[in-house]
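Asker: Spelled out, the chains give:
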Amino acid sequence: MNRGHRHGAGSGCLGTMEVKSKFGAEFRRFSLERSKPGKFEEFYGLLQHVHKIPNVDVLVGYADIHGDLLPINNDDNYHKAVSTANPLLRIFIQKKEEADYSAFGTDTLIKKKNVLTNVLRPDNHRKKPHIVISLPQDFRPVSSIIDVDILPETHRRVRLYKYGTEKPLGFYIRDGASVRVTPHGLEKVPGIFISRLVPGGLAQSTGLLAVNDEVLEVNGIEVSGKSLDQVTDMMIANSRNLIITVRPANQRNNVVRNSRTSGSSGQSTDTSLPSCAPPPEPSLEPGEDDSDEEEDIVIEDSGEPRQIPRAAPSAESLQSLSQVELSFEYGQNGFIPANEVSLPPVAGGAHTEFETRAPDQKLLEEDGTVITL
Amino acid sequence: MMKFRFRRQGADPQREKLKQELFAFHKTVEHGFPNQPSALAFDPELRIMAIGTRSGAVKIYGAPGVEFTGLHRDAATVTQMHFLPGQGRVLTLLDDDSLHLWEIVHHDGCAHLEEALHFQAPSRPGFDGASGLPSLAHITVVLLVAVGDMAALGTEGGSIFFLDVPTLTLLEGQTLGPDEVLRSVPDDYRCGKALGPVESLQGHLRDPTKILIGYSRGLLVIWNQAARCAERIFLGNQQLESVCWERSGHTVVSSHSDGSYAIWAADTGDSPTVQPTVATTPYGPFPCKAINKVLWRSCASGEHFVIFSGGMPRASYGDRHCVSVLQAETLVTLDFTSRVIDFFTVHSTRPEDEFDEPQALAVLLEEELVVLDLQTPGWPAVPAPYLAPLHSSAITCSAHVANVPAKLWARIVSAGEQQSPQPASGASSWPITGGRNLAQEPSQRGLLLTGHEDGTVRFWDASGVALRPLYKLSTAGLFQTDCEHADSLAQAAEDDWPPFRKVGCFDPYSDDPRLGVQKVALCKYTAQMVVAGTAGQVLVLELSDTPAEQAVGVASLDLLQDREGFTWKGHERLSPRLGPLPWPAGFQPRALIQCLPPAAVTAVTLHAEWGLVAFGTSHGFGLFDYLRRSPVLARCTLHPSDSLAMEGPLSRVKSLKKSLRQSFRRIRKSRASGKKRMVTGSKLQEANAQLAEQAGPQDVEVTPVQRRIEPRSADDSLSGVVRCLYFADTFLRDAAHHGPTMWAGTNSGSVFAYALEVPAAVAGGEKRPERAVEAVLGKEVQLMHRAPVVAIAVLDGRGRPLPEPYEASRDLAQAPDMQGGHAVLIASEEQFKVFTLPKVSAKTKFKLTAHEGCRVRKVALATFASVACEDYAETCLACLTNLGDVHVFSVPGLRPQVHYACIRKEDISGIASCVFTRHGQGFYLISPSEFERFSLSARNITEPLCSLDVRWPRDATRVSHRSRESPKLSQANGTPGIILAPQSRDGSPDPICKEADTLEPPEAMLSPMSIDSATSADTTLDTTGDMTVEDVKDFLGSSEESEKNLRNLSEEEARACAILIK
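In the order they appear, the protein sequences are chains A and B. So that you can map any letter, position 296 of the first sequence is 296 in UniProt numbering, and since no number is skipped, the others follow by simple counting. So that you can map any letter, position 847 of the second sequence is 847 in UniProt numbering, and since no number is skipped, the others follow by simple counting.
Quick caveat, the hints were computed from the structure, so don't treat them as lab data. If a hint is listed, it holds; no wrong ones were tucked in.
The calculated DSS-like cross-link candidates involving lysine-lysine, where the alpha carbons are at most 30 Å apart (straight line), are:
id, chain 1, residue 1, chain 2, residue 2
1, A, K162, B, K839
2, B, K845, A, K167
3, B, K843, A, K162
4, B, K289, B, K502
5, A, K36, A, K20
6, A, K52, A, K39
7, B, K289, B, K193
8, B, K845, A, K162
9, B, K193, B, K293
10, B, K17, B, K845
11, A, K52, A, K96
12, A, K20, A, K52
Since this is a predicted model, take the numbers as computed values, not measurements.
Whenever a hint applies, use it, and build me the whole structure from the sequences.
Answerer: If you want it as structure tokens, here you go:
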């Protein structure tokens, strides 16, 4: 806020860092201890304090070294912002209710000017459609590649997270023949293949599944020896948490890991799939895992819908179950997703929370009334 | 995770042992009438009958309970069967010209019908006709020659071969060619013409050396095989169909293709005889059809019987299936509804008797067996104690009631006796009485109810091996049907020539498809039942021992509840007959409830104690108080966007038609385009290439079968179909008060639970309560996977299913545990879940579809008693999947116990028809006319156990000729145990077999099906045969796929066997 500080910052960033914060048309300058930036909460309070807006919910952004406007909303990105700020940390504060989310994340230098002008003069931007991208904590995964460390490179285990009913899973499977290397030479064996992806469906939007990929397992259960209808039924039964192991038709994008020699990738066409892939983790076993997210909905005579919780062993925890539980327990399945691919959904993640609730509410509207003769 | 590990590794040895004591899979017996019978034989000495089928099955029947099945390796048609009298051996001829010798043999402590030998006629194509050497191709007839254990085989070429029966080897050098016979025929008869195939071979009771040979051209020869000369020759000129040699040997009767039969005198006159003594065309003078078979039976009264099939006037009655019985001046034309396969008479075969004295005539038809008593004037039909044509009208649903109280049983039997014109003595006159039934009298009575397309419900005694008809309930009389075709039938009957008499009960033609019975429920304590039909009619009936004339109260219930925008385009409701109607003794209707719209009833349940009946259709469900005759509740289950359910079945038919039309059009188009190219292509080669291209497999691959992967959504069509309904006395609203509840499950995974307010007065009985029953929606559960709810059951504090109505209050069952927390088991097509009550929270579950890729078709709670311990029993959940496998799960833990491959995956009607009993047995249709009975319980097994006094020489040399062991695994049904008491010819019983006779019967026999009724409740949840779209979808798979599945199935079988080995 004064020159002394700026000199201090310029003199080797030893202790302090200069912060220039803008809210509306007002600028504030102050300094921070670079080595001890503190927590985001404290920083947020400080900003509210220096701008004298103690009770206003705001969004905090900063300009990174490329000039992109990036959000600060947790400790991690706050620390990132502090550590990358050179020499000056430029902070932009917007009121939450009039926040322009589109300003965030634009990552081209060309647009940099525009971004800043947009932020500076939000009125210019009003005519544009209001594309809302939620904050990172509102994101949820729609698909992931899992178990890369235990699967051969030629295989890919894909998890599709189906929330709500708005977006179709969007794929079809068919019978086909697969060529395998066996001790007796090449052999043609029947297999199940992805035959079609529905445009705009979940399967297509993940980019992890493609037409002619061979389906090897569904939620940890091998499909070999099963009919097309059986596999269809298995997939539909698991559709809310579908884990398919495929051998992609396109094998060129496979990641070659260090742990495996190139020779072993040739071996992976072998029929001895179980030897390559160890028995599926228990978490993949449908029915065995108690933590699958599929909870039935019960409407008590009070008319209040709730999801059916699992029976708790003790009586006291039963009481707590009267609350609506909508938490998605994808993190609790006993493994850490090894390569989460979180695609920002087009419609915006903030809506998904809505979508999951929507069926319940619909149900209540439909069935809440009781007709007695 | 740890839990998981333990479960996977740990096959707890104790539990494994217990499982073996509780569960075992057997297909035990086939009930009903064999599908597509093709041959008939009777052994007059043992008085047993054999029926062969087009699929190669051999079935032997004796007295009720004595039966016996074998299956040829090749699924070829059995064309002829011949018993070796008194030996328990039967020779079968298949249409692939192979002969098979079956015998009842002792084997490992129990006996089987085994194929001992087989003989394949050598084909010698080079010698056919050209060299004059006879060839043994196309065996037309077989005759067992009493002397020397020989069989004579007549062939199409006119030769007769002789076969040594004990070894089934051809006796070279004895062959009788047509040339040899022609030598004794006058020249003017020969005319250079061949004699044609051998049509008939007959032996003679008193003179076994002689054979009567009938050739197709009409020539009859009595051939002395010992002297190798023709003793008598009858120069018939009419094409021969069959020949009968009269007992005394003086008369020969021949039947012909022009509908005539001729009687030849064999003892007088010259040889060759040129003219028959009598030749008549019984249904002349207009052209008649052939008389296929003729029998001549003499009587002491001198008035012999002539019995023949066919011979009807071609123009007017050529399509009738008739057997004519003529005695003196009495002629009866038995008019059957299906084709006549064969017939025989039961008569004396002792050589010392002078006359045949036929007692009975048994006629095997395509669809049933009819036996007439020839000794009683009027020749009445004898009701068969088994072989009932289950499909006399197509079976539309079935249900099993176990542990029927003796009182109700007696009332049903007496109602059935009043119904059938036969006196009770009919059972004693059943002529096929061979063998002894060793099975103990069943300790509990099981009733199988089958609903039929014509609106009847048939009651069958399913307690033992023989499925005996008890009573038939017809609901058609209550309604005015479209076509009153009785008049037209009456007109046809007015013609008194030929003297037709309708015999048999096979009548597959339904007056009105709306009469079809969809669901049946019976309360065995109050003798009240519900019958629900295709046009939304729900009928409450009560058993009455006296006939009555009464009007039936009709109430209609709108299940749509004023939903708008829907129109019903399906069939109209049936209009009931108004006013008092006469009802015979038996089940008489008390109330008729009409669902609106009149869609087929898809679920029904009855609670006689509360006087309530609940029913559901594709639109919703209703609850009706039949004591007060007032509706209690109607609830629409339709999803707003489900228009398909509204339009009714007609529009679906239309769309099917449309798609069929489209596919036909596509085929035609491709053909047309193919033709066009062929026309332009001038060269033949090109055309051929194109044809090959068209027929090639590439064409098939153009449209691969693909399946969409999408979770079920709320607005899938037919989501509102009510799949199951259930009454329970349990805790719905709070944990302190239990009370009557009603549960309903739909096709889209919704479960509705209602708390009912039932006035206490109802419990008193007939008194009509003053207050109305009230229903309040207590809970609604939406299963997230939205799969159809197949069954609902409430488990008491000990995890046992609740007893049936009245069972607890009348001390017939252990009272349910009302202290511990109740739980509700909800079985959907994809998974089973147990929820706590009254707070609905998931306790245990098993996701069957996610594991196995199969869907649940039928489930039932059944009690499995242990073989090892008299008192130990477990209640388990038995489940049949769309792949035809039967799985058993523990309750309420829902742990998989065992699974067996039961029905072929492709047999969708078999899977749809399956019904479980409450003691771990089950039935399913293996053909329209046959129920296969199977048991999952190791203890409760109903299988044939019988003895047969057979005599045949048991020399050791024979054994060496045995070609192979019998096919044990491939048998159509299980391996019915027969305990033999064979006698050697010298009369001293075989020591081994004597031992066998005194052997202890298998454990299953010692501990018969008596299972304390207190330990279980009749919880056959949903049993009736509805077919879903998925069923059809399952069926329509590529052939390759089905082959693959068959392979899987057999692998599964092998695995199942491995489990069984102790």
